[in-house]
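For reference, the chains in residue letters:
2 protein chains.
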Amino acid sequence: MGQNDAVPFLLLIEDDDSIRTALELSLSRQGHRVATAATGEDGLKLLREQRPDLIVLDVMLPGIDGFEVCRRIRRTDQLPIILLTARSDDIDVVVGLESGADDYVVKPVQGRVLDARIRAVLRRGERESTDSATFGALVIDRSAMTVTKNGEDLQLTPTELRLLLELSRRPGQALSRQQLLRLVWEHDYLGDSRLVDACVQRLRAKVEDVPSSPTLIRTVRGVGYRLDVPA
Amino acid sequence: MGQNDAVPFLLLIEDDDSIRTALELSLSRQGHRVATAATGEDGLKLLREQRPDLIVLDVMLPGIDGFEVCRRIRRTDQLPIILLTARSDDIDVVVGLESGADDYVVKPVQGRVLDARIRAVLRRGERESTDSATFGALVIDRSAMTVTKNGEDLQLTPTELRLLLELSRRPGQALSRQQLLRLVWEHDYLGDSRLVDACVQRLRAKVEDVPSSPTLIRTVRGVGYRLDVPA
DNA sequence: GCCGACTGTCACAGAGCTGTCACAGGCCCT
DNA sequence: AGGGCCTGTGACAGCTCTGTGACAGTCGGC
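These protein sequence lines map, in sequence, to chains A and B.
Just so you know, the first sequence maps onto residues 0 to 230 in numbering that gives the first Met the number 0.
Just so you know, the second sequence maps onto residues 0 to 230 in numbering that gives the first Met the number 0.
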């Protein structure tokens, strides 16, 4: 199963021998592992046997065409598919993408362009499960609801976590105490309480390297606080 | 906040008035909600305020260009970005995709093509429901609907099984009690009942090695629970 | 340097959250 | 109809977290 290998494992389905060979060579050079097939049937068979990470699929194939291969794959599989074609009609692009492809590339295509598109599609797949933001050594995983600093898990309380999440959604932007109260506490009133300050302090104690001279959660005098993106 | 709306909420960043207006109209017709900005700065500001589901970003912008906007967004945000440009040089495509964009579209572009590409990027490959999933010593067989621990069959009750299945479909992702109620019980309301907690506890008793210090089904304070993939 | 305003820090009491348990009703099977 | 297993509920204890007020420290303007 290719899913978690470091090197992407691709299946290239293309009937034209010279194009197939050229692309296989080029993609191998870019650091991919490549399996190839010349027909849709062979491709579907290889897919089941080898479980690639991504499929590059020519549209004009003998027998069942690329659109149909794409649809059949999509009935049972969610793996990324890039359609490859000589036709650049808009309607083809739409049909291709609607049959479930992730991208549609028009031939002739430079190896490094295809490579870049492959990486973009694979990246997208990885991202679906991890919505994260990075601030220096701090990584906020919004789906797991965890925060790590230099790779170590930080134990944040629910309020601290909500505060950090709201700040991280507006990086570099100063948020007033009033705004933070609304966003994090869902209060509308502001007594002159030290509520926000106290929570910021507790958060800094866990997040900052030197809590007394913070570099991430900066104080904006007369306003509130701001989460900075280190340079 | 666009995250869970049915209608995709897009942010279009494009400095050319006529193109921007045309695209906005076209995308609205395709059923999207659209916000627009004419500069990178305004776009970044709108992004933070409005939290769109996807960004369509022109490359040639006054001030900071599209590539740079893209890179800045990627430091803290994982939302999909489609680059839009008049230049079709291969090198630009590569640079664009490497600055973190999900797709790269060359102007002029038909509305329905852009729409198809937007939908392709947004299409969330609902996590592939492979037949079996493994979490440490735990193996979940979705087609047989059985769960084994160190090879031994576990006798889960129907509700426990549904709960485990829902958690395992989103490994590493924290699910709130509310979400779990909807997914497992098909409730919409959340009284302060201990329902979810009680079921989790029963599940842990069967699934965890040491139920009192669980390593698989983790509590996320203030949120809910999460099924972790052991390292 | 002085002053006022703003911010950081601390300790503590009360609130809130979670884990746990016992129990009653419901469902299914026999 | 009876019995056994599931399931949902409420109560409760333990623990963590939260909000508050007081006070010290810091910053900036004059």
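Among the hints, erroneous ones may be present.
[Said to hold, decoys possible] Here are the in silico distance ranges between beta carbons for each label pair:
| # | chain 1 | residue 1 | chain 2 | residue 2 | range |
| --- | --- | --- | --- | --- | --- |
| 1 | B | Ser-211 | A | Val-6 | 39 to 49 Å |
| 2 | B | Glu-185 | A | Thr-214 | 38 to 48 Å |
| 3 | B | Ile-63 | A | Arg-217 | 14 to 24 Å |
The set of hints was computed from the structure by calculation and includes no laboratory data.
Values in this document were obtained by computation on a predicted structure and should not be read as measured data.
Don't be surprised by glycine CBs; every beta carbon is placed ideally from N, CA and C.
Violations among the numbered hints = none
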